[in-house]
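Chemist: For reference, the chains in residue letters:
There are 2 protein chains.
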Amino acid sequence: MKSLNRILVLFIGLLFFNTVVSAQTSNSLYQVSTINAVLQGVYDGQMNMKELKQHGNFGIGTFEGLDGEMIALDGQFYQVKSTGNVVLVSDQVKTPFADVMDFKSEKTAEIPDVLTFNELEKALDGIIQDKNYIYAIRIDGVFSGTTRSIPGKTKPYPSLTDAAKTQSVFDIQNTKGTIVGFLCPQYINGINVTGYHLHFISDDRKSGGHILSGGIKSGVVKIERITDFRMILPNSDAFQQAVLNKDYSKELNGVEKSK
Amino acid sequence: MKSLNRILVLFIGLLFFNTVVSAQTSNSLYQVSTINAVLQGVYDGQMNMKELKQHGNFGIGTFEGLDGEMIALDGQFYQVKSTGNVVLVSDQVKTPFADVMDFKSEKTAEIPDVLTFNELEKALDGIIQDKNYIYAIRIDGVFSGTTRSIPGKTKPYPSLTDAAKTQSVFDIQNTKGTIVGFLCPQYINGINVTGYHLHFISDDRKSGGHILSGGIKSGVVKIERITDFRMILPNSDAFQQAVLNKDYSKELNGVEKSK
Numbered sequence: 001m002k003s004l005n006r007i008l009v010l011f012i013g014l015l016f017f018n019t020v021v022s023a024q025t026s027n028s029l030y031q032v033s034t035i036n037a038v039l040q041g042v043y044d045g046q047m048n049m050k051e052l053k054q055h056g057n058f059g060i061g062t063f064e065g066l067d068g069e070m071i072a073l074d075g076q077f078y079q080v081k082s083t084g085n086v087v088l089v090s091d092q093v094k095t096p097f098a099d100v101m102d103f104k105s106e107k108t109a110e111i112p113d114v115l116t117f118n119e120l121e122k123a124l125d126g127i128i129q130d131k132n133y134i135y136a137i138r139i140d141g142v143f144s145g146t147t148r149s150i151p152g153k154t155k156p157y158p159s160l161t162d163a164a165k166t167q168s169v170f171d172i173q174n175t176k177g178t179i180v181g182f183l184c185p186q187y188i189n190g191i192n193v194t195g196y197h198l199h200f201i202s203d204d205r206k207s208g209g210h211i212l213s214g215g216i217k218s219g220v221v222k223i224e225r226i227t228d229f230r231m232i233l234p235n236s237d238a239f240q241q242a243v244l245n246k247d248y249s250k251e252l253n254g255v256e257k258s259k
Numbered sequence: 001m002k003s004l005n006r007i008l009v010l011f012i013g014l015l016f017f018n019t020v021v022s023a024q025t026s027n028s029l030y031q032v033s034t035i036n037a038v039l040q041g042v043y044d045g046q047m048n049m050k051e052l053k054q055h056g057n058f059g060i061g062t063f064e065g066l067d068g069e070m071i072a073l074d075g076q077f078y079q080v081k082s083t084g085n086v087v088l089v090s091d092q093v094k095t096p097f098a099d100v101m102d103f104k105s106e107k108t109a110e111i112p113d114v115l116t117f118n119e120l121e122k123a124l125d126g127i128i129q130d131k132n133y134i135y136a137i138r139i140d141g142v143f144s145g146t147t148r149s150i151p152g153k154t155k156p157y158p159s160l161t162d163a164a165k166t167q168s169v170f171d172i173q174n175t176k177g178t179i180v181g182f183l184c185p186q187y188i189n190g191i192n193v194t195g196y197h198l199h200f201i202s203d204d205r206k207s208g209g210h211i212l213s214g215g216i217k218s219g220v221v222k223i224e225r226i227t228d229f230r231m232i233l234p235n236s237d238a239f240q241q242a243v244l245n246k247d248y249s250k251e252l253n254g255v256e257k258s259k
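Protein sequence lines, in the order shown, are assigned to chains A and B.
Per full-length UniProt numbering, residue 1 is the first one in the first sequence, and the count goes up by one each step.
Per full-length UniProt numbering, residue 1 is the first one in the second sequence, and the count goes up by one each step.
If you're looking for bench data, these hints aren't it; they were derived computationally from the structure.
Incorrect hints may appear among the rest.
Since copy identity is lost for identical chains, a pair holds within one copy or between any two.
To be verified - Heads up, simulated SDA-like pairs for lysine to any residue below, C-alpha to C-alpha not over 25 Å straight-line:
id	residue 1	residue 2
1	K165	S207
2	K107	I232
3	K246	Q186
4	K131	S236
5	K131	A242
6	K107	N235
7	K176	I223
8	K131	Q241
9	K206	S82
10	K217	D91
11	K250	D162
Construct the entire structure; sequences and hints are all you get.
Modeler: So, in structure tokens, the structure goes:
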């Protein structure tokens with residue numbers, strides 16, 4: 001029986017080691033689809049939350065049909081609906097576009113109180129030095145500004161520019177919460193939003209969305225530098241037929257920050 | 001002893017299953033660094049062959065100091081030196097830029113005999129329909145054309161444009177061998193070479209290189225569509241300081257195809 005026990009311990013030990021080694025995802029980001037596909041109305045769900053959660057506990061994205069804004073924080077996946085309601089997302093819901101990761105803070109810094117998104121970007125620029133990487137950003141603080149969410153669309157899907165014309169804009173003032181998002185370098189153009197792309201969710205989980213404008217008080221920022229980027233391209237007719245090989249920077253800038 | 005044997009079988013079986021599941025890399029491509037970094041002279045070795053081989057048995061790239069052209073075929077990693085010699089690469093040699101994968105043909109087609117690279121591209125265009133994905137390409141046939149290899153550089157590293165001025169060009173005629181390479185869509189610009197990027201190695205493993213011009217006779221092409229793209233960004237001062245956020249399409253086109 002002693003040798004049996006030893007073998008069992010060895011068995012469990014090796015199995016555990018093997019799993020840990022294979023699941024190693026240090027500084028890695030997992031992305032579903034490309035931003036150009038979203039801009040061109042490729043809103044079909046590509047992966048459900050159950051599978052997406054295997055790849056991270058932190059991130060942003062949207063849902064099938066462009067139905068609201070996704071915020072993943074501390075392993076909880078939230079949907080900010082166009083009604084302004086915030087709900088936990090069920091495992092069966094699918095995403096056409098998302099960026100998720102297991103967030104581990106590498107650097108913590110206090111942000112000076114800032115009133116505008118432009119000031120917030122400048123404050124973050126001062127903290128994030130190397131601009132050749134993707135960065136994951138988490139800011140806890142008191143947010144004042146506007147967020148948006150877009151009501152879900154049905155087929156034939158409109159472009160993101162047209163879909164954004166129906167967006168709901170929420171005025172959020174002096175609300176404790178967390179900003180979740182990413183900074184991508186210019187060479188990621190076409191694949192992800194270049195510059196800062198930030199979503200917000202309140203501590204009471206009652207408000208949030210894609211940040212259009214605003215700043216933060218008493219902000220503490222945590223960042224992680226991404227050196228391992230993985231992207232899953234949708235296997236669908238819509239993705240195959242979309243015109244992706246074009247520079248949509250102007251269209252993207254129009255829908256990401258304007259009201 | 002019977003139960004002991006059963007446990008051992010279970011143990012080995014589960015360990016094997018676990019490894020197979022974790023190593024699952026269906027239609028996936030693994031890339032070290034970005035093409036813009038190479039264009040800017042970021043030639044430091046980032047990963048050795050031993051580790052690179054864990055991520056694929058097929059692909060192309062270069063070596064530390066831009067020392068020659070890499071071709072990985074059927075699990076063998078070759079270096080075409082600037083002398084024209086072709087050698088197997090040892091596990092300790094590092095790469096600053098490479099694309100590797102476990103190649104599995106999804107589609108096989110015969111290529112009409114073509115004399116020029118332009119005709120070869122058109123023939124491949126006819127076989128590869130959906131241009132929104134990355135494709136891995138293997139062509140077995142009789143190659144006639146020119147290839148190049150660049151002699152290794154020392155620090156401070158020149159740009160790829162300057163380095164390519166010292167390239168050796170090899171005239172290869174009616175030589176049986178294999179073309180290995182990739183087709184990347186325009187939205188991958190800055191990250192990898194857009195369009196066709198092909199290397200050649202002869203069946204006798206005595207000649208090869210980065211294809212600058214030429215065509216193929218009796219060619220049989222096999223392709224695999226990539227839907228899972230992973231990119232490792234170098235953690236180095238050189239990468240951090242390189243000017244990556246610029247459109248280098250013109251420079252790249254100059255060094256990829258001209259003689």
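Chemist: Taking the hints in turn, state whether each one holds.
Modeler: Evaluation of the provided hints:
1. In this assembly of identical chains, K165 and S207 lie within 25 Å of each other by CA distance solely inside one copy; the values are 21 Å within and 58 Å between copies.
2. When the C-alpha separation of K107 and I232 is checked against a cutoff of 25 Å, the pair qualifies only between copies, where the shortest distance is 21 Å, while the shortest distance within a copy is 28 Å.
3. With identical chains, the CA atoms of K246 and Q186 are at most 25 Å apart both within one copy (15 Å) and between copies (8 Å).
4. For the homomeric pair K131 and S236, the shortest alpha-carbon distance between copies (13 Å) is at most 25 Å, but the shortest distance inside one copy (33 Å) is not.
5. Taking the closest pair of Cα atoms, K131 and A242 come within 25 Å of each other only across two copies (10 Å); inside a single copy the shortest separation is 30 Å, beyond that limit.
6. With identical chains, the CA atoms of K107 and N235 are at most 25 Å apart between copies only, with a shortest distance of 16 Å across copies and 37 Å within one.
7. Proximity of K176 to I223 under the C-alpha cut-off of 25 Å is restricted to the intra-copy arrangement: shortest distance 19 Å within a copy versus 52 Å between copies.
8. Taking the shortest Cα distances, K131 and Q241 sit within 25 Å of each other only across copies (9 Å), while inside one copy they are farther apart (33 Å).
9. For a Cα distance limit of 25 Å, the shortest separation of K206 from S82 inside one copy, 13 Å, qualifies, whereas the shortest one across copies, 64 Å, does not.
10. Taking CA atoms no more than 25 Å apart as the test, K217 paired with D91 passes in neither setting, with 34 Å inside one copy and 52 Å between copies.
11. Taking the shortest alpha-carbon separations for K250 and D162, only the intra-copy value of 14 Å comes in at or below 25 Å, while the best inter-copy value is 34 Å.
Against the hints set out earlier in the document, a violation occurs for number 10 only.
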